[in-house]
Amino acid sequence: MRKLLFQNLWRSPLTIPAPAPSEPALAELGARVDRAARRRLGRSLAIRQVDAGSCNGCELEIHALNNAFYDLERFGFRFVASPRHADVLLVTGPVTANMREALERTYAATPGPKWVVAVGDCGRDGGVFAGSYACVGGVAEVIPVDLHIPGCPPDPLQLLEGLLALLQVQ
Amino acid sequence: MMNANVALRTILEAGEPVTDHRPWPRVVVTPELWNTLSEGLSGGAWSLLGLWGEVGMVHLAVYEDASETPGVASLPCPAGQFPSVGRLHPPAQRLERTIADLVGLQPVDAPDGRPWLDHGRWPVRHPLGGATARTSPPNPLSMHGEGVAKPGERFVYPFLSAEGESLHQIPVGPVHAGIIEPGHFRFTANGEAVVRLEERLGYVHKGIESLLRGATLERAARLVGRVSGDSTVAYALAFARAVEAATETTVPARAHWLRALMAELERLAHHCGDIGAICNDAAFALMHAHCAVLRERVLRASAAGFGHRLLMDCIVPGGVATDLPADGAKTLRALVDDFRQQFPPLIELYENTASLQDRTVGTGFVRPALIQQFGCGGVIGRAGGRAFDARRQPGYPPYDRLEFETPVQTDTDSDTDSDVNARVWLRIGEVEQSLALIEQILERLPPGSVRGDLNLPGRDCEGVALVEGFRGDILVWLRLAADGTVARCHPRDPSWFQWPLLEAAIENNIVADFPLCNKSFNGSYSGHDL
Ligand code: SF4
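Residue numbers (my numbering), protein chains in the order written: chain Z, 27 to 196; chain G, 47 to 576.
What the hints contain is simulated information worked out from the structure, not anything from laboratory work.
Fair warning: this is a prediction, and the values are worked out from it, not measured in the lab.
Mixed in with the good hints there might be a few duds.
Heads up, simulated EDC-like pairs for lysine to aspartate or glutamate below, C-alpha to C-alpha not over 20 Å straight-line [to be verified]:
#, chain 1, residue 1, chain 2, residue 2
1, Z, Lys29, G, Glu245
2, Z, Lys29, G, Asp384
3, G, Lys376, G, Glu489
4, Z, Lys140, Z, Glu54
5, G, Lys376, G, Glu485
6, Z, Lys29, G, Glu397
7, Z, Lys29, Z, Glu54
8, Z, Lys140, Z, Glu130
9, Z, Lys140, Z, Asp181
Which residues of chain G face chain Z? A partial, calculated answer using Cβ under 10 Å [said to hold, decoys possible]:
#, residue
10, Trp168
11, Pro169
12, Val170
13, Pro228
14, Glu244
15, Gly248
16, Arg268
17, Val273
18, His316
19, Arg341
20, Pro414
21, Ala415
22, Ser570
23, Gly573
Even glycine gets a Cβ: it sits at the ideal position worked out from N, Cα and C.
Build out the structure end to end from the sequences listed, making use of the hints.
In structure tokens:
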């Protein structure tokens, strides 16, 4: 183990430079996000991810945010295990009827001020699953959404650009 | 009554063959033959490949291991019911409960009458059957009849009981602590030790089979490619192969090879990620960090080669959507070289870290007999000595022309085999095989076109395919209508036969080892819930 650790000390870091926050995300947030809340939350945001019926593709890319290339934590974001510790809910999926109540309860358990980011085409309007008897279709149908990050799935860079916009709106 | 030692072929010959079902035979059987099939399954002669329904009929796909014969048997259900298979063969139980939920056909004498995917929250009942408007929650006591539960009443799922002094229950989920899919686990524990785990799934049921009905082939391919996003290549391949079988379409040789290339990239990425994630759940973050970097490299190479990090929508009926760009082979070779340098030190690290081995060895043991009974695929099956690999049998091109091994745990006598450690080692073995396969494919990739036209026959036709995903064998069965749209399509995830075994794996382990056991299985919630 020591050898591996030493080797990595000499290697240059893999981490990519910080991308600019996405313009559309800034525009969407500018109109929505409460500035007073922004000041209160500061530059460190705790994220709780909720899968509300995704195909698990979006989760794979959200996971990738934690790898050495994207290293989400350097920006002050971190994933937390409980909605009670969260500032941001990162929600994926077309919101299945069977997950609707769990999503509502998770939202209720998150203390304010809080933001909701809907991830993926599914999170926006149900995506390929729109119109099914088993899907509500879009996170905004169930809880208020502050930001959408589209894509099927959005890649880590797109996710990062969207999340960085949360830190930018002042 | 036929005796239970009858060969599958005999049954397939005794039934009435359905024309235009390819490549395996499908026969319509009598209730008596149906029961013989159930008995054969419970006797261990055959493995269950799938059990699904449609209006007025249930279908059972089985595989005879000895003769390597697959087949599909169909039983008409004029009275809306069929003899339960799960009564004799437990692996069929959840599938039957799903048929009752989705199609409304009742398995007679089924041991478990509770609903499964239907949580009482859809506006319709039996969406694949009569699709009647819901007036009452599902009734857990009398299988899906409108009975005791009253309209508007909340449906409470009756968990199995475990009784005894000092037992307590721990409910977990559906929302879990990590970035994972939702499902509910009900633990009954005696102090630290788990006495019983009962799973409740269905939270991510999206109604995919209903959406597939009437879908164009293009839309259906996108939908099936999103049954379980992490297996999108394997699903798209299974769907494409089923369509091609149904329509007797020949695919250009180069497309076969590119498909295999994508499938191995998918296997490589997920196995590598899982190895790291399992170690992470044993609180060994270093492995996770390194495996995540390797995994990211695979996704980047995939994006460079085919335009999508997860390779979604890259395989289509008739071939593949895009060819490798001019420098694609070079990028992928560089990826393999990277792996060959960086992966072995990680394996060494895994092998030589006693604190890590202490967590994985002997944890989450599953009896090999149970693995055989459930016809469990993938590394979970192979850790219990079940060597089945759909790339070999029934097999599909170009694997018949490639050299590879399917790593299997052959010595399954002691309690330390078929545990978390064994599942890690088999993943390591498969990573190495996938690397070798990618090299061979790049070397021998034939030239030519990558997509051909489908041979739509202008009448109903049916196809079936079995494809080896990173989790195990994926079954896709479908019927195309005369206008070339999908009349019915059933995708069956390997997780159906793996989730139940997780309940067995955790028994007598401590609660704190559940994440470790669960990760070593890495079942798909979405693939299972459909
Ligand atoms: S947006 Fe795409 S990747 Fe994400 S959950 Fe939906 S189908 Fe899956």
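Do the hints match the structure? See the list:
no., hint, result
1, Z:Lys29 <-> G:Glu245, "violated, 42 Å"
2, Z:Lys29 <-> G:Asp384, "holds, 18 Å"
3, G:Lys376 <-> G:Glu489, "holds, 11 Å"
4, Z:Lys140 <-> Z:Glu54, "holds, 16 Å"
5, G:Lys376 <-> G:Glu485, "holds, 11 Å"
6, Z:Lys29 <-> G:Glu397, "holds, 15 Å"
7, Z:Lys29 <-> Z:Glu54, "violated, 48 Å"
8, Z:Lys140 <-> Z:Glu130, "holds, 14 Å"
9, Z:Lys140 <-> Z:Asp181, "violated, 24 Å"
10, Trp168, "holds, 5 Å"
11, Pro169, "holds, 6 Å"
12, Val170, "holds, 5 Å"
13, Pro228, "holds, 5 Å"
14, Glu244, "violated, 17 Å"
15, Gly248, "holds, 6 Å"
16, Arg268, "holds, 6 Å"
17, Val273, "holds, 7 Å"
18, His316, "holds, 9 Å"
19, Arg341, "holds, 7 Å"
20, Pro414, "violated, 29 Å"
21, Ala415, "violated, 31 Å"
22, Ser570, "holds, 7 Å"
23, Gly573, "holds, 8 Å"
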